[in-house]
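As they're listed, the protein sequences go chains A and B. Note that this note's numbering has the first sequence beginning at 1, numbered continuously upward. Note that this note's numbering has the second sequence beginning at 1, numbered continuously upward.
No wet-lab data here; the hints were simulated from the structure. Heads up, a few of these hints could be off.
To be verified - Pair ranges (Cβ atoms, derived): (1) A:G189 with B:L307: 34 to 44 Å; (2) A:P219 with B:V76: 25 to 35 Å; (3) A:E156 with B:Q191: 47 to 57 Å; (4) B:Q191 with A:P343: 21 to 31 Å; (5) A:K190 with B:S23: 43 to 53 Å; (6) B:K341 with A:S270: 53 to 63 Å; (7) A:P343 with B:E139: 55 to 65 Å; (8) A:Q188 with B:E24: 25 to 35 Å.
Said to hold, decoys possible - Non-contacting residues of chain A with respect to chain B, defined by C-beta distances greater than 10 Å in every case (computed): (9) R83; (10) N233; (11) V317; (12) P320.
Just so you know, these numbers come straight off a predicted model, no measurement behind them. For every residue, glycine included, the Cβ atom is placed at its ideal position computed from N, Cα and C.
Number of protein chains: 2
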Amino acid sequence: MQVKPIEWCDTTIRILDQTRLPSEVVFLEVADYVEMAAAIRGMRIRGAPAIGVAAAYGLALGAQAIEARTEEEFLVKLGTISRELASTRPTAINLFWALERMNRAAGEGFALRGSSPKGSTISEIKAVLVEEAKRIERENEEADRRIGRLGAELIEYGFTILTHCNAGALATAGYGTALGVIKAAHEQGKQIKVIACETRPLLQGARLTAWELVEEQIPVTLITDSMAGHFMNRGRIDCVIVGADRIARNGDVANKIGTYSVAVLARENSVPFYVAAPTSTIDLSVKSGAEIPIEERSPEEVTWIGLTRIAPEGVEVANPAFDVTPHQYVSAIITEKGVLKEPYEEGFEGFVLKTISQ
Amino acid sequence: MQVKPIEWCDTTIRILDQTRLPSEVVFLEVADYVEMAAAIRGMRIRGAPAIGVAAAYGLALGAQAIEARTEEEFLVKLGTISRELASTRPTAINLFWALERMNRAAGEGFALRGSSPKGSTISEIKAVLVEEAKRIERENEEADRRIGRLGAELIEYGFTILTHCNAGALATAGYGTALGVIKAAHEQGKQIKVIACETRPLLQGARLTAWELVEEQIPVTLITDSMAGHFMNRGRIDCVIVGADRIARNGDVANKIGTYSVAVLARENSVPFYVAAPTSTIDLSVKSGAEIPIEERSPEEVTWIGLTRIAPEGVEVANPAFDVTPHQYVSAIITEKGVLKEPYEEGFEGFVLKTISQ
């Protein structure tokens with residue numbers, strides 16, 4: 001079964017509410033871009049590539065409702081919607097990358113169609129935006145497949161692979177990045193096993209990764225985040241694969257909080273630590289991880305689980321949603337364009353990537 | 001306020017049910033040793049020193065109900081109760097240490113009173129056992145106070161101290177070991193702050209440490225276990241202090257799962273990593289941590305939090321309750337007899353400790 005976390009339905013966008021998994025499989029009909037912004041902010045859809053797709057579809061949906069008499073007016077209104085969608089979450093670069101690509105498509109569309117009557121141009125551009133969002137989703141899925149194929153070459157027969165958070169189909173609206181590699185290795189009959197860190201506070205490992213892998217019938221053992229080091233130290237892990245929310249020019253990787261700890265523990269125990277991410281996750285505009293903004297989320301994500309309060313009233317809470325793993329800890333970065341090793345900057349430049357401005 | 005997790009009440013033992021904290025402060029009346037064994041197994045009372053005290057009181061309570069006509073019969077029945085109490089949890093050595101000490105007190109008591117009539121000797125030994133359990137509790141508290149005083153010398157003004165799990169008054173039936181050091185530094189006006197790891201799966205950090213520190217008005221920030229590395233890497237932690245469930249002859253430390261990860265991250269970030277524990281936690285009969293049995297607890301501790309199931313049906317779970325931190329990562333071990341550094345074995349031998357046999 002291929003999980004489909006987001007789907008364009010012409011007048012609405014259908015998303016799988018990931019906050020309800022694994023106990024309930026509930027789909028939401030998103031009727032406008034404001035609802036999409038709320039869904040991204042509330043992590044009903046999450047994962048760096050998936051929120052790029054969600055923002056693109058959200059902008060396409062928002063664009064359909066724009067009433068404008070001139071190109072300029074249309075682009076101003078499109079910019080307003082883009083900023084609303086861009087304000088939802090600060091760390092994953094794919095969000096800004098997708099929105100910039102959508103705006104560029106609109107601008108280029110107007111330039112191409114400059115000679116035709118204004119009214120029809122605007123409706124044409126509305127269609128262009130839907131096509132561009134669909135293309136982003138399709139390219140995402142293709143990138144995932146290539147990442148899976150390239151990454152699977154690093155996986156040997158019988159490997160036990162540790163992963164943190166969820167970088168699966170749910171996170172990418174495709175095949176998955178870290179889980180794409182795992183699925184590809186599994187499909188090749190490599191008899192792999194997965195150890196999934198539960199990934200506090202929002203438990204994406206327990207709720208989403210474990211669910212995806214159980215659905216795919218890939219053997220998975222769930223552990224708390226605090227157990228990862230223990231199992232590495234006991235020789236039970238052959239490699240680690242995680243996704244990424246943003247990769248700096250020097251190869252530093254921002255990813256779900258806890259990733260840095262896993263990377264340090266991996267190196268200490270001579271376990272390879274791989275990052276699987278599409279090139280849309282690479283942000284050449286930031287020199288190192290120190291420049292990547294780290295989202296701070298609400299204390300209640302830590303102090304409550306479901307209906308259970310797990311901490312006393314009055315306690316202070318810190319809740320950074322991401323951390324930065326310095327490039328020195330990263331054994332390789334698996335992208336759809338190839339598997340890179342240090343020095344990462346050279347490899348990234350080889351891709352002739354455009355710098356993303358936020 | 002001094003938390004009192006266990007209290008001898010002559011015909012019963014009163015324990016604070018730590019599984020109900022922090023939402024409810026509920027005391028249980030333990031009426032016999034079988035109930036005490038269940039309370040230890042179910043972690044209603046937990047923490048290595050505290051389960052030593054609990055086992056001692058449980059044995060004293062069980063002894064009162066023994067009907068025996070001879071010393072031999074009494075000792076056989078005492079042995080049966082001891083084995084039941086010893087079977088509750090495998091890792092913390094204090095449990096076995098306390099039971100052995102109680103049995104030795106009974107044996108020595110009979111030897112001393114050998115000439116008096118049997119009946120009165122048995123009732124005298126029943127009283128001896130109560131006194132011995134009380135002595136264990138009192139010595140525990142005195143050890144904690146000394147650990148606090150000695151450990152506080154390592155804490156500088158304004159330090160932010162990270163701790164994992166709960167090694168407070170709740171864990172020791174005294175003043176606390178790791179939290180004893182923190183409390184002593186706080187009482188000395190050192191303006192310290194604490195970062196408490198929540199300590200999945202059973203959340204002793206969130207539920208117990210945060211609660212104790214809020215009660216003591218010591219500034220505390222709660223984080224998930226996965227955040228410890230991030231805050232060390234950002235230079236936010238000045239030292240780590242944890243307790244211990246068993247320390248091997250070479251200084252390897254078995255403690256709550258996740259401790260090893262914290263220790264590795266501390267060393268990677270040049271943060272001192274201290275272990276605070278009474279000498280009753282040192283087990284000279286095991287050469288290294290590899291010989292310490294690690295308790296595996298039920299999968300439901302990982303897959304459920306309160307009434308919320310957080311993982312899909314059918315997922316495998318691993319749930320080791322402890323891990324081993326190799327001595328190389330331990331900057332110092334703070335005991336009531338002094339602060340030790342490498343080589344630990346020499347320091348331990350200096351204490352002329354007796355080897356505990358299980």
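Hint check results:
Our hint of 34 to 44 Å for A:G189 and B:L307 holds, since their Cβ atoms are close to 41 Å apart. Our hint of 25 to 35 Å for A:P219 and B:V76 is violated, since their Cβ atoms are close to 48 Å apart. For the pair A:E156 and B:Q191, the supplied restraint of 47 to 57 Å holds, since their beta-carbon distance comes to about 53 Å. Taking 21 to 31 Å as the suggested C-beta distance range, the pair B:Q191 and A:P343 does not conform, at roughly 44 Å.
Take A:K190 and B:S23: their Cβ atoms lie about 46 Å apart, and the range 43 to 53 Å holds. Here the CB-CB span from B:K341 to A:S270 is close to 27 Å, at odds with the stated 53 to 63 Å. About 59 Å separates the C-beta atoms of A:P343 and B:E139, a value consistent with the hinted range of 55 to 65 Å. Our hint of 25 to 35 Å for A:Q188 and B:E24 is violated, since their Cβ atoms are close to 52 Å apart.
With a least beta-carbon separation of about 29 Å from chain B, A:R83 lies farther than 10 Å from that chain, consistent with its non-interface assignment. Look at A:N233: its CB is around 6 Å from the nearest CB on chain B, not clear of 10 Å, so calling it non-interface is violated. The Cβ of A:V317 does not lie farther than 10 Å from every Cβ of chain B; its closest approach is about 5 Å, which violates its non-interface assignment. Not every beta carbon of chain B lies more than 10 Å from that of A:P320, the smallest distance being close to 6 Å; the non-interface claim is violated.
In summary, the structure is inconsistent with hints 2, 4, 6, 8, 10, 11 and 12 from the numbered list given earlier, while agreeing with the others.
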